[in-house]
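Modelling step: build the complete structure from the supplied sequences, incorporating the hints.
There are 2 protein chains.
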Amino acid sequence: MSKTKSPTTKDTSPESETISTTDDMDLIATSKSQPPSNTPIEQTRWNGWGNVNINKKVSPHGAKLIKSHIGKTKKLKSVSLQQVLKTVPKSRLPVAVIEMAIVSTDSEVRLRHARGQSFPDWIAMHSGDFEVFPDGVAFPESTSDVEQLLTLAQEHDFIVIPFGGGTSVAGHINPQQGTRPVLTIAMSQMDQLLDLDTDSQIATFGAGTQGPTVEAQLDEHGYRLGHYPQSWELSTLGGWIAARSSGQQSLGYGRIEQMFAGGTLVTPQGILNIVDIPASSAGPDLREMMMGSEGRAGIFTEVKMRVQPQPEQELFKVAFLPNWEAGKEVLRQAVQSNIKLSMLRLSNAIETDAHLHLGTSPSQFLAISTYLKARGLDADKVMLTYGVSGDKAQNKLALTQFNKQLKQYGSVTGKITDIMGSVWAHGRFKFPYLRGTLWERGIMVDTFETATNWRNIDEQMQQMQTAVQNALADEGEAVMAFTHISHVYKQGASLYTTYFFRAAKDHAATLRRWQKIKRAACLSVANGKATISHQHGVGHDHAPYLAAEKGQLGIQVTRDMLKSLDPEQRMNPGVLLEE
Amino acid sequence: MSKTKSPTTKDTSPESETISTTDDMDLIATSKSQPPSNTPIEQTRWNGWGNVNINKKVSPHGAKLIKSHIGKTKKLKSVSLQQVLKTVPKSRLPVAVIEMAIVSTDSEVRLRHARGQSFPDWIAMHSGDFEVFPDGVAFPESTSDVEQLLTLAQEHDFIVIPFGGGTSVAGHINPQQGTRPVLTIAMSQMDQLLDLDTDSQIATFGAGTQGPTVEAQLDEHGYRLGHYPQSWELSTLGGWIAARSSGQQSLGYGRIEQMFAGGTLVTPQGILNIVDIPASSAGPDLREMMMGSEGRAGIFTEVKMRVQPQPEQELFKVAFLPNWEAGKEVLRQAVQSNIKLSMLRLSNAIETDAHLHLGTSPSQFLAISTYLKARGLDADKVMLTYGVSGDKAQNKLALTQFNKQLKQYGSVTGKITDIMGSVWAHGRFKFPYLRGTLWERGIMVDTFETATNWRNIDEQMQQMQTAVQNALADEGEAVMAFTHISHVYKQGASLYTTYFFRAAKDHAATLRRWQKIKRAACLSVANGKATISHQHGVGHDHAPYLAAEKGQLGIQVTRDMLKSLDPEQRMNPGVLLEE
Numbered sequence: 028m029s030k031t032k033s034p035t036t037k038d039t040s041p042e043s044e045t046i047s048t049t050d051d052m053d054l055i056a057t058s059k060s061q062p063p064s065n066t067p068i069e070q071t072r073w074n075g076w077g078n079v080n081i082n083k084k085v086s087p088h089g090a091k092l093i094k095s096h097i098g099k100t101k102k103l104k105s106v107s108l109q110q111v112l113k114t115v116p117k118s119r120l121p122v123a124v125i126e127m128a129i130v131s132t133d134s135e136v137r138l139r140h141a142r143g144q145s146f147p148d149w150i151a152m153h154s155g156d157f158e159v160f161p162d163g164v165a166f167p168e169s170t171s172d173v174e175q176l177l178t179l180a181q182e183h184d185f186i187v188i189p190f191g192g193g194t195s196v197a198g199h200i201n202p203q204q205g206t207r208p209v210l211t212i213a214m215s216q217m218d219q220l221l222d223l224d225t226d227s228q229i230a231t232f233g234a235g236t237q238g239p240t241v242e243a244q245l246d247e248h249g250y251r252l253g254h255y256p257q258s259w260e261l262s263t264l265g266g267w268i269a270a271r272s273s274g275q276q277s278l279g280y281g282r283i284e285q286m287f288a289g290g291t292l293v294t295p296q297g298i299l300n301i302v303d304i305p306a307s308s309a310g311p312d313l314r315e316m317m318m319g320s321e322g323r324a325g326i327f328t329e330v331k332m333r334v335q336p337q338p339e340q341e342l343f344k345v346a347f348l349p350n351w352e353a354g355k356e357v358l359r360q361a362v363q364s365n366i367k368l369s370m371l372r373l374s375n376a377i378e379t380d381a382h383l384h385l386g387t388s389p390s391q392f393l394a395i396s397t398y399l400k401a402r403g404l405d406a407d408k409v410m411l412t413y414g415v416s417g418d419k420a421q422n423k424l425a426l427t428q429f430n431k432q433l434k435q436y437g438s439v440t441g442k443i444t445d446i447m448g449s450v451w452a453h454g455r456f457k458f459p460y461l462r463g464t465l466w467e468r469g470i471m472v473d474t475f476e477t478a479t480n481w482r483n484i485d486e487q488m489q490q491m492q493t494a495v496q497n498a499l500a501d502e503g504e505a506v507m508a509f510t511h512i513s514h515v516y517k518q519g520a521s522l523y524t525t526y527f528f529r530a531a532k533d534h535a536a537t538l539r540r541w542q543k544i545k546r547a548a549c550l551s552v553a554n555g556k557a558t559i560s561h562q563h564g565v566g567h568d569h570a571p572y573l574a575a576e577k578g579q580l581g582i583q584v585t586r587d588m589l590k591s592l593d594p595e596q597r598m599n600p601g602v603l604l605e606e
Numbered sequence: 028m029s030k031t032k033s034p035t036t037k038d039t040s041p042e043s044e045t046i047s048t049t050d051d052m053d054l055i056a057t058s059k060s061q062p063p064s065n066t067p068i069e070q071t072r073w074n075g076w077g078n079v080n081i082n083k084k085v086s087p088h089g090a091k092l093i094k095s096h097i098g099k100t101k102k103l104k105s106v107s108l109q110q111v112l113k114t115v116p117k118s119r120l121p122v123a124v125i126e127m128a129i130v131s132t133d134s135e136v137r138l139r140h141a142r143g144q145s146f147p148d149w150i151a152m153h154s155g156d157f158e159v160f161p162d163g164v165a166f167p168e169s170t171s172d173v174e175q176l177l178t179l180a181q182e183h184d185f186i187v188i189p190f191g192g193g194t195s196v197a198g199h200i201n202p203q204q205g206t207r208p209v210l211t212i213a214m215s216q217m218d219q220l221l222d223l224d225t226d227s228q229i230a231t232f233g234a235g236t237q238g239p240t241v242e243a244q245l246d247e248h249g250y251r252l253g254h255y256p257q258s259w260e261l262s263t264l265g266g267w268i269a270a271r272s273s274g275q276q277s278l279g280y281g282r283i284e285q286m287f288a289g290g291t292l293v294t295p296q297g298i299l300n301i302v303d304i305p306a307s308s309a310g311p312d313l314r315e316m317m318m319g320s321e322g323r324a325g326i327f328t329e330v331k332m333r334v335q336p337q338p339e340q341e342l343f344k345v346a347f348l349p350n351w352e353a354g355k356e357v358l359r360q361a362v363q364s365n366i367k368l369s370m371l372r373l374s375n376a377i378e379t380d381a382h383l384h385l386g387t388s389p390s391q392f393l394a395i396s397t398y399l400k401a402r403g404l405d406a407d408k409v410m411l412t413y414g415v416s417g418d419k420a421q422n423k424l425a426l427t428q429f430n431k432q433l434k435q436y437g438s439v440t441g442k443i444t445d446i447m448g449s450v451w452a453h454g455r456f457k458f459p460y461l462r463g464t465l466w467e468r469g470i471m472v473d474t475f476e477t478a479t480n481w482r483n484i485d486e487q488m489q490q491m492q493t494a495v496q497n498a499l500a501d502e503g504e505a506v507m508a509f510t511h512i513s514h515v516y517k518q519g520a521s522l523y524t525t526y527f528f529r530a531a532k533d534h535a536a537t538l539r540r541w542q543k544i545k546r547a548a549c550l551s552v553a554n555g556k557a558t559i560s561h562q563h564g565v566g567h568d569h570a571p572y573l574a575a576e577k578g579q580l581g582i583q584v585t586r587d588m589l590k591s592l593d594p595e596q597r598m599n600p601g602v603l604l605e606e
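Residue numbers (our numbering), protein chains in the order written: chain A, 28 to 606; chain B, 28 to 606.
One or more hints might be untrue.
One copy or any two copies: either way a pair holds, since identical chains are not told apart in the list.
[Unchecked claim] No farther apart than 27 angstroms at their CA atoms in a straight line, the calculated lysine-lysine pairs in the BS3-like style are these:
id, residue 1, residue 2
1, K434, K556
2, K590, K423
3, K113, K83
4, K532, K101
5, K400, K590
6, K94, K83
7, K434, K419
8, K419, K431
9, K556, K84
10, K517, K423
11, K423, K434
12, K419, K517
13, K113, K91
14, K104, K400
15, K94, K431
16, K532, K423
17, K434, K117
18, K434, K99
Treat the hints as calculated values from the structure; they're not laboratory data.
What follows is the structure in structure tokens.
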């Protein structure tokens with residue numbers, strides 16, 4: 028276990044370093060000479076997103092556009108790793124746990140597993156005010172390791188927090204103040220494809236396997252999972268399942284709910300083995316009872332996933348439409364008429380303008396704007412990104428049918444939009460890196476998201492944007508907000524709002540600004556006919572708003588169900604359901 | 028409420044009577060002059076399946092084939108309705124309930140809500156040995172009626188059984204012996220389309236709406252649900268949801284799980300309102316926690332269903348393949364390559380032969396056999412039924428791609444098989460009527476079903492057939508069994524086994540024969556990697572085998588979840604989970 032005991036000992040091959048130094052790296056690429064494995068945590072930023080070797084630049088006129096909305100910005104000073112390490116207190120775990128080979132109480136290891144990627148997490152990582160650290164981090168290598176840890180948790184009365192990729196944006200993995208010690212269980216060592224049944228198209232994985240490792244290991248057999256959340260580079264199968272993730276191509280490949288066939292959940296009451304049966308009428312679905320349990324019931328150790336052969340063809344394209352209404356109608360009609368696309372994404376006019384600024388040089392921006400203007404698209408124009416993935420004949424029919432719908436609504440497509448589609452596909456996992464780039468300029472950015480029925484989409488988007496834009500009015504601060512639809516269903520769609528605001532005089536004041544915006548954002552969702560989260564989960568941050576969606580009785584039955592498996596409430600308390 | 032208080036007062040229009048007297052009636056057809064509604068229960072057989080005006084003949088050489096397997100048969104004597112009515116005891120319900128306008132304690136009403144359609148139910152209905160009758164039947168007209176009934180149940184400590192179409196084949200709605208009175212709540216009066224949101228394609232229905240009423244009411248607006256279980260003529264939305272039903276075209280339209288968007292569940296703890304959101308990452312899915320609850324948590328009163336426009340085109344076809352292996356490979360490859368069919372069904376060789384006998388005259392049988400033999404298909408041949416439903420261009424591509432696969436595996440298709448496809452589609456809801464026809468000849472028939480991964484399909488089918496065929500070996504009795512795949516998934520498929528055996532010297536001895544076969548059948552499933560039921564639910568009959576699938580911990584968490592909503596265990600006790 029020495030390879031994980033310390034964050035500096037894991038092997039990092041020269042190949043992967045070489046790959047990751049270029050901005051054009053393909054995150055899926057991996058050396059064929061050894062089995063692919065997860066990104067070692069010491070190769071990730073301790074106080075930001077992603078691989079230390081990857082950066083994403085922001086175009087100067089993109090930054091200028093944001094500042095034209097929110098005003099001049101000033102960078103806040105960040106604390107150093109060494110300074111924070113000094114604040115890590117002595118572990119409170121019992122000696123029996125501390126001395127285990129799979130457990131580390133190293134300060135840096137504990138620090139690197141203390142926070143996720145929510146805005147408050149970033150404030151903590153830059154201010155140094157972490158508040159609480161886990162008392163230790165375990166790196167189990169098997170289901171029986173996890174069983175042993177949960178038995179010890181019961182014997183010695185400590186809290187357990189499961190940790191996948193540490194990418195939560197809702198406070199899923201943050202230890203809370205309390206008298207009981209906290210052991211974080213990091214699943215990073217369980218990162219291998221264990222079995223592939225090609226007849227049934229079921230792949231069994233260690234639940235700690237990260238996105239690129241999942242796909243690289245399947246690719247060696249010609250298979251694909253097809254789950255691409257924005258956090259894909261670091262997030263894990265277990266995390267996706269526990270927090271009900273959705274990927275960019277959910278229209279084609281389904282959400283994680285459609286992919287997760289069964290597996291092993293280690294609970295304080297023992298092992299819950301969810302059998303992988305294609306479909307069943309035998310009572311409530313254990314899969315669906317445990318998906319979204321966010322560590323409150325137990326820890327997924329091995330998971331069986333529905334996979335499929337690599338697609339014969341995969342394409343991503345862009346089209347522009349005259350306005351939001353036209354774009355929305357195209358999306359709705361496409362999904363409701365069963366056109367076999369793998370993704371549909373629609374930016375509203377503000378987001379379209381911002382994307383064109385952020386993703387281009389001034390001369391490219393001018394060229395695209397002029398091109399679109401000549402074809403009658405102006406300030407109201409919206410950008411639609413779509414894809415196909417699969418059999419060529421099916422793709423061809425899908426594109427033919429979709430192009431017909433696009434044309435009916437006055438779309439503009441051409442060589443330039445095709446290039447934009449490829450550029451989007453190539454850079455799609457690098458957007459999270461932009462947050463750090465903007466942070467360095469004093470531009471604070473965060474997102475929130477929901478889903479609602481088509482009937483409510485416009486009203487809901489309006490409510491969300493207005494709520495956020497006005498959230499700092501009492502301080503005279505402007506907030507810039509824009510929205511896209513990223514996942515579509517016959518019944519409705521998801522809405523994903525991005526917002527920018529200025530850092531305040533210090534980290535604490537900046538956090539207070541965020542809290543105001545976050546509250547306004549959550550209320551705009553909770554007061555609508557919408558979910559508090561379509562793809563980010565509940566965590567700590569959304570728990571206060573969950574009852575608006577589930578009702579008090581829904582909360583009660585969920586709580587009783589989880590308590591059945593964790594009667595002493597030692598599994599990730601405070602997450603999902605408020606105490 | 029007079030229209031339901033007595034079973035004889037409900038209006039029956041001359042139109043519907045005329046329609047139902049012909050054997051060729053289209054069950055979907057309905058008068059346009061008044062809103063379509065459910066089949067009144069007094070128009071159904073009190074001791075068998077379906078509408079009293081519909082019969083299905085068995086071909087003499089079909090019956091001969093069955094007898095060539097199981098031997099000569101003798102009809103058992105059946106009890107009359109009048110004889111059974113004399114055995115209905117006095118109601119034990121409190122006066123406060125008996126006097127309610129929506130409650131009937133009429134003996135025939137109670138008798139008609141005492142049993143479903145399982146084999147033991149048929150024995151009860153023909154022997155007269157009902158054992159237990161509900162103490163009364165309520166016919167609520169609203170959610171608040173149901174709330175009131177559950178409040179009274181708590182005040183007066185009686186048991187509640189929800190009743191949809193009374194079509195359970197697993198003992199879901201049978202009252203059990205006990206000291207507490209039993210009120211059956213029949214949902215037949217809540218049978219109307221209440222709202223249709225065409226933007227979001229969501230239809231809100233009373234949960235007691237039967238299949239033909241659902242489709243007729245949607246059809247008036249050009250919409251369709253597309254859920255066609257074998258019991259469709261009488262079964263209801265609430266029943267489908269509560270027992271996780273699957274319809275014949277699940278490949279195209281999805282299972283009930285994909286259709287049910289949300290709704291109102293009245294529980295002893297109050298109303299659980301499940302909001303209709305297209306998708307959510309906000310914790311465990313309440314929909315999936317309550318689907319399959321089989322009345323143990325509460326009663327669905329209003330349900331929101333995902334619907335779609337009527338398909339532009341719908342076709343059903345038949346193909347023959349040389350053997351099971353070829354047929355199975357065609358199915359697996361079609362579903363795994365995303366060919367957009369709406370159904371795929373494959374009869375094994377024994378079932379193919381039996382279907383050809385049962386569905387034809389001797390001269391038709393000879394013509395088909397000769398035709399197939401001339402094309403190289405003989406005793407091992409298997410019949411594959413498939414369909415498309417939707418957009419013409421998508422259907423065309425699907426059929427082109429599927430035909431290519433069929434040909435690769437040596438299929439035979441032609442005008443004659445196309446006719447067989449149409450005949451199947453036309454008569455598909457009449458198969459359940461055959462049971463009564465065979466019963467009259469002393470031929471006992473029942474079915475059971477499961478689902479498993481493709482890897483296990485052959486082994487599982489073998490186990491199931493062998494178990495059933497040998498179940499009466501100790502009596503020297505032969506059992507005829509055959510199997511088809513009726514629902515396919517990328518991961519696996521369902522297996523549906525039909526078996527025939529001889530009535531014994533009396534009803535009690537016949538029931539003992541069935542019990543032996545049922546136990547062997549259930550063990551063959553429970554000992555495999557398969558579900559105890561893919562589409563019939565658990566009820567009383569499968570409850571003893573549920574732990575094999577869910578594990579003891581899975582049973583515990585399900586029990587605790589349901590108890591949260593029904594702490595006094597008055598909702599349909601004994602169903603789903605053994606006491």
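Any hints from earlier that this structure breaks? Give me their numbers in increasing order, please. 1, 2, 3, 5, 9, 13, 14, 15, 16, 17, 18
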